[in-house]
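Visitor: Throw the hints in and build the complete structure from the sequences for me.
Here are the chains, one letter per residue:
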Amino acid sequence: MVKSPAEGNDMDGKLNLVGYDSPKTQSSGSFLVVDDGIAEMQSYSDKLEILPLAKSLEKEQWLKEHLGPVPKKVLGFFVRALPDAKIEKPLQACFFMKEKKAQVIHNVFVAEKNSQVHLISGCTDDLVEGKHTGISLFFVRENASVSVTRIHHWSPDASVFSKSSVFVGKNAVFDSNYIVINSPKKEQAHSIARVDDGGAVGFNSIIFSRENSDFTISDKILLEGKNARAEIISRAISDGGRILTKTYMAGKGKDTRGHLECDGILLNEKGSIHAIPELEAVNPKTNLSHEAGIGRISETELSYLMARGIDEAKAKSLIVKGFLDAKINRIPPNLQKAIDELVGKISIQA
Amino acid sequence: MAKYLLEIRDLWVDAGEKTILKGLNISVREGESHVIFGPNGTGKSTLIGAIMGLPNIKVTKGDILFRGKSLLGILVDERARKGIGIGFQHPPAIDGIMLRKLLEIINSSQAEIKRIALALKLGRHLERDLNKGFSGGEVKACEIMQLFLQNPDLVLLDEPDSGVDIENIKVISKAIRELLQMNLPIGKRKRSAIIITHGGNILNYLDTDVGHVMIDGKLKCGADSREIFSKIKKCGYRDCYKCLSANGEKPSGGK
Chain A
1 MVKSPAEGND
11 MDGKLNLVGY
21 DSPKTQSSGS
31 FLVVDDGIAE
41 MQSYSDKLEI
51 LPLAKSLEKE
61 QWLKEHLGPV
71 PKKVLGFFVR
81 ALPDAKIEKP
91 LQACFFMKEK
101 KAQVIHNVFV
111 AEKNSQVHLI
121 SGCTDDLVEG
131 KHTGISLFFV
141 RENASVSVTR
151 IHHWSPDASV
161 FSKSSVFVGK
171 NAVFDSNYIV
181 INSPKKEQAH
191 SIARVDDGGA
201 VGFNSIIFSR
211 ENSDFTISDK
221 ILLEGKNARA
231 EIISRAISDG
241 GRILTKTYMA
251 GKGKDTRGHL
261 ECDGILLNEK
271 GSIHAIPELE
281 AVNPKTNLSH
291 EAGIGRISET
301 ELSYLMARGI
311 DEAKAKSLIV
321 KGFLDAKINR
331 IPPNLQKAID
341 ELVGKISIQA
Chain B
1001 MAKYLLEIRD
1011 LWVDAGEKTI
1021 LKGLNISVRE
1031 GESHVIFGPN
1041 GTGKSTLIGA
1051 IMGLPNIKVT
1061 KGDILFRGKS
1071 LLGILVDERA
1081 RKGIGIGFQH
1091 PPAIDGIMLR
1101 KLLEIINSSQ
1111 AEIKRIALAL
1121 KLGRHLERDL
1131 NKGFSGGEVK
1141 ACEIMQLFLQ
1151 NPDLVLLDEP
1161 DSGVDIENIK
1171 VISKAIRELL
1181 QMNLPIGKRK
1191 RSAIIITHGG
1201 NILNYLDTDV
1211 GHVMIDGKLK
1221 CGADSREIFS
1231 KIKKCGYRDC
1241 YKCLSANGEK
1251 PSGGK
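If you read the sequences in order, they're chains A and B. Just so you know, the first sequence maps onto residues 1 to 350 in our numbering. Just so you know, the second sequence maps onto residues 1001 to 1255 in our numbering.
Just so you know, the hints here were simulated from the structure itself, not pulled from any lab data. Be aware that one or more of the hints could be misleading.
Unchecked claim - Straight line, CA to CA, 27 Å or less: simulated DSS-like cross-link-like pairs of lysine-lysine: (1) B/Lys1132 - A/Lys314; (2) B/Lys1082 - A/Lys314; (3) B/Lys1058 - A/Lys314; (4) B/Lys1188 - B/Lys1170; (5) B/Lys1188 - B/Lys1003; (6) A/Lys314 - B/Lys1101; (7) B/Lys1114 - A/Lys314; (8) B/Lys1190 - B/Lys1069; (9) B/Lys1018 - B/Lys1061; (10) B/Lys1132 - A/Lys321; (11) A/Lys321 - B/Lys1114; (12) B/Lys1101 - A/Lys321.
Guide: Printed below as a string of structure tokens:
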């Protein structure tokens, strides 16, 4: 495969694109996997434990029922934010496929009671036809708060499968941003969250699907406890690829509230976007709503901007950037360049 | 140098499936402001759209000359860069595009942005998404603000006063007066305008030159704008039809 200069062999460059670039002073810890080995693992906070999952499994027997069967040499992290820890800087993690064609990752992230912690996690590759599998478990204990931003940047012929399970405790908060800048040939991303009394979950996703890419994202939130709340915001852009967004929310507990929004823009006629928003009310005292809209870039908006003297390509990129920016406002500032890169690509193609 | 800044000859325009303009003529000199009256749905906005080159408006016959050169086939953004600016009747609200950012693209002068925003009472709207949740008056003020920053030679205003309350009409018309250099005597002004109005209230505050009435896809009358407005206020458009049938067709144009 011939690589463009932007997709060169520079590993650091690749890691930068998925958020693994801050100077160490800007993060609370780092965890880097290259192929099937841990290349970096360091915590810069005494309130944040970072271990190889293989090592911690001996101690944390309770994890076995959640993880199910795992390989003998299980690869991934076990991260724990200690009770009451307020960790402002994000932990940065990255899973890079350099030479080996298959990578299977298992990660466990625990935010203990009253802790606050942020994770930026990137997945990327520099090879042909890699297969990446990522299984993640998040435990957000009572009154804890976790924000996670995951960025995917794949070669065109990679295949990716990811599954995340999130357990949100009493009055705990979990916010997730899932950003796909370069979609692979095939990706399936499944997430499920169970939310206890007073807990809150936000799932935001930005999917950019290029030609010959087939992307499925499935977000499920089960509002099980009293007063649990959730929001799902999905933004899909097809530049010739197929995108299926399945979003599901169930109101099981009393006085639960949820809202889901899935919007898409088709940049050309080669691709498709299929949105399936689902709501299920089990408790009569739940309140769930959804809105969905898919279409081309609005001609009215485009000609409005062009009437100010802005050329078509720039006007399109402004609209798409606006579409992505709207409401997804918890993206860490250092990831703005990933978003800018995405929008930049669109303006070139417009 | 062309005699007219804008000259439209025998213009036939389709909007969607329908023929809306049927042989329209108008000529606008540098510094002149023209007002077009007319009942709803007669094609006033279509005319402005045709001059600006908006989508779904198709010129089937005739020509639109700007500084003596045809605009046909030229894209909207290029027409804007040639010096044509439009204040839309129904501008869209666009998610995620902050007003300040758009203004900075139109004109990089922070001082000018601040000055105009304050004059139009939009200082607190700069950090909001474009037109999102703006009141009727604020949307119109925002259009005028963008025109100021764009600094066009020909200003097209589509119903700048519709949906604006009485207090804000004063604010907006004061800004339009400044935009169209109406504090200068006629003859000294450089900027030209075509203003569309259905209700005409804004004319109480503006000092315009020529008025036209659009009927059946053509411009009629071509007289003093206040005179026409006072007649329309009194008798509505019924009398225009009567007058036209009594006098035969009077071609429309500059003075």
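Visitor: Which earlier hints turn out false for this structure, listed by number in ascending order?
Guide: none
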